Amino acid sequence: EPEVTQTPSHQVTQMGQEVILRCVPISNHLYFYWYRQILGQKVEFLVSFYNNEISEKSEIFDDQFSVERPDGSNFTLKIRSTKLEDSAMYFCASSESIMWSPLHFGNGTRLTVT
Amino acid sequence: GESVGLHLPTLSVQEGDNSIINCAYSNSASDYFIWYKQESGKGPQFIIDIRSNMDKRQGQRVTVLLNKTVKHLSLQIAATQPGDSAVYFCAEKNDYKLSFGAGTTVTVRA
Chain A
1 EPEVTQTPSH
11 QVTQMGQEVI
21 LRCVPISNHL
31 YFYWYRQILG
41 QKVEFLVSFY
51 NNEISEKSEI
61 FDDQFSVERP
71 DGSNFTLKIR
81 STKLEDSAMY
91 FCASSESIMW
101 SPLHFGNGTR
111 LTVT
Chain B
115 GESVGLHLPT
125 LSVQEGDNSI
135 INCAYSNSAS
145 DYFIWYKQES
155 GKGPQFIIDI
165 RSNMDKRQGQ
175 RVTVLLNKTV
185 KHLSLQIAAT
195 QPGDSAVYFC
205 AEKNDYKLSF
215 GAGTTVTVRA
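For the record, the sequence lines run as chains A and B.
Okay, so the first sequence: first residue is 1 according to this note's numbering, each after it adds one.
Okay, so the second sequence: first residue is 115 according to this note's numbering, each after it adds one.
Be careful, since some hints might not be right.
[To be verified] Dumping the calculated DSSO-like pairs for lysine-lysine here, alpha-carbon to alpha-carbon at most 30 Å:
#	chain 1	residue 1	chain 2	residue 2
1	B	K182	B	K170
2	A	K83	B	K211
3	B	K185	A	K42
4	B	K182	A	K42
5	B	K182	A	K78
6	A	K78	B	K185
7	B	K211	B	K170
8	B	K185	B	K156
9	A	K42	B	K170
10	B	K182	B	K211
11	B	K185	A	K57
12	B	K182	A	K57
13	A	K83	B	K185
14	A	K57	A	K78
15	A	K83	A	K57
16	B	K170	B	K185
17	B	K211	B	K156
18	B	K211	A	K57
19	A	K78	A	K42
20	A	K57	A	K42
21	A	K83	B	K182
22	A	K83	B	K156
23	B	K211	B	K185
24	A	K57	B	K156
25	B	K170	B	K156
26	A	K42	A	K83
Think of the hints as simulated: they come from the structure by calculation, not from any bench.
Remember, it's a predicted structure, so these values are computed and weren't measured experimentally.
So here's chain B without its partners, still in its complex pose (with noise of 0.2 Å):
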C-alpha cells in the first residue's frame, strides 16, 4: 500500500506570509523525494526534489526539508502569492516506483 502521507488536507495562508506543509513518510528505504503542484485540471507539476542523503534543498522561493530519523519530509514556501494556491502532493521514490500522499490544498487569501 502506499507509504507517503501528509499531517493536514488543507492549509490557509494570508498573502506575503510563509506556508509549511508537511509530510510523513514511512518506508525507510525510500532514496529521493518529490514535491508536486497540482493545479485544476492540470498534471502535477515539479516543484524541488531532495535525495536521502541530503537535509535541505532550496530553490526559488521553496525550500524541502528532511528529516530521516522521524521520516518526516516538509515544503516551505517563502512570500506566498495567489498563484501558489493548488494542491501538493510529497511523493518517495523506490527503484520504479514514484508514490504520492493524499495532498494539502493550500488557498492563498488577499
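Next up, chain A with everything else stripped away, as it sits in the complex (with noise of 0.2 Å):
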C-alpha cells in the first residue's frame, strides 16, 4: 500500500538554526499538509498546499515557515530559525483530493531544538 515517506526520522538542531524536514506524499495524491505534534498533545495543522501555493495556514505557520514542492516528489517544510518551542513532531499528510478524501500520514520527524 502507497504510503507517505518522511526524512529524518529524528532531527536535532540549534535554537536559531535552520532545519528542512522533508517529505515524499504518495504519488497521485495533490494536496499536501504540515502538521504538528508536541508531546503528548493533539495534532494540530500548520499548512495546506495545492497547485505550488498554500491553500490555508494556521497561526501556528508564521514567517519562520515555509513550505515548497521542489519537484515532482518531494514536499518540504523549512523553520528558519528554530527557538526550543518548535520541538515537536511533524507529521506531513497528503490527500488524493480535497473533498471527501482522507488524509494519510507519514510516521513524522521528531524534532528537537536545544
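Please dock the two separately framed chains into a single complex, following the hints provided.
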C-alpha cells in the first residue's frame, strides 16, 4: 500500500538554526499538509498546499515557516530560525482530492531544538 | 480555534468487549469527519470516514455514527483486541483544513 515517507525520523538542532523537514507524499495525491504534535498533545494543523501554493495556514505557521514542492515528488517544511518551542513531532500528510478524501500521514520527524 | 473535542481522555476495555469512543464537534459547517488511530511513535492512521449526508458507516469491526443535530460523532470497535490499544482522534474537515480533537487513549485489558 502506498505511504507517505518522511525524513529524517529525528532531527536535533540548536536554537536559531534552520531546519528542513522532508516528505514524499503518495504519488497520485494532489494536496499536501504539514501538522505538528507537541508531546502528549493533539495534532495541530500548520498548512495545506495545492497547485504550488498555500491553500490555508494556521496562526502557528508564521514567517519563520515556509513550504515548498521543489520537484515532482518532495514536499518540504523549512523553519528558518528554530526556537525551543518548535520542538515537536512534525507530520506530513497528503490526500487525493480536497473533497471526501482522507489525509494519509507519514510517521513524522521528531524535531528537538536545544 | 479548534472545535473538535472528545468526551473522555481515557478508556479501559476488556479484550473481546465492544468499545465506544465519543467525540463532540462545534462547527456545523464541517462536512466530512474522519477517525484516526495513533500508536506510539507513529503518525495518525486512517480508520474510517463519514460524510455529513450520512449518519452511519461501517467498516471492518468499526462503525462510525454521526448525529448532526447534537454535533456528535462516535466510533464503535467490535470485539476489541490488544492491537486496538492506541490513541484515537476524531477530526473534522472544512475546506483545506482538517482539525483534530484531543484524543482518547484506549487501553485493552487481557
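Item to complete: Against the structure, test the hints numbered earlier, and report the numbers of the ones violated in rising order.
Response: Structure breaks hints 5, 6, 13, 21.
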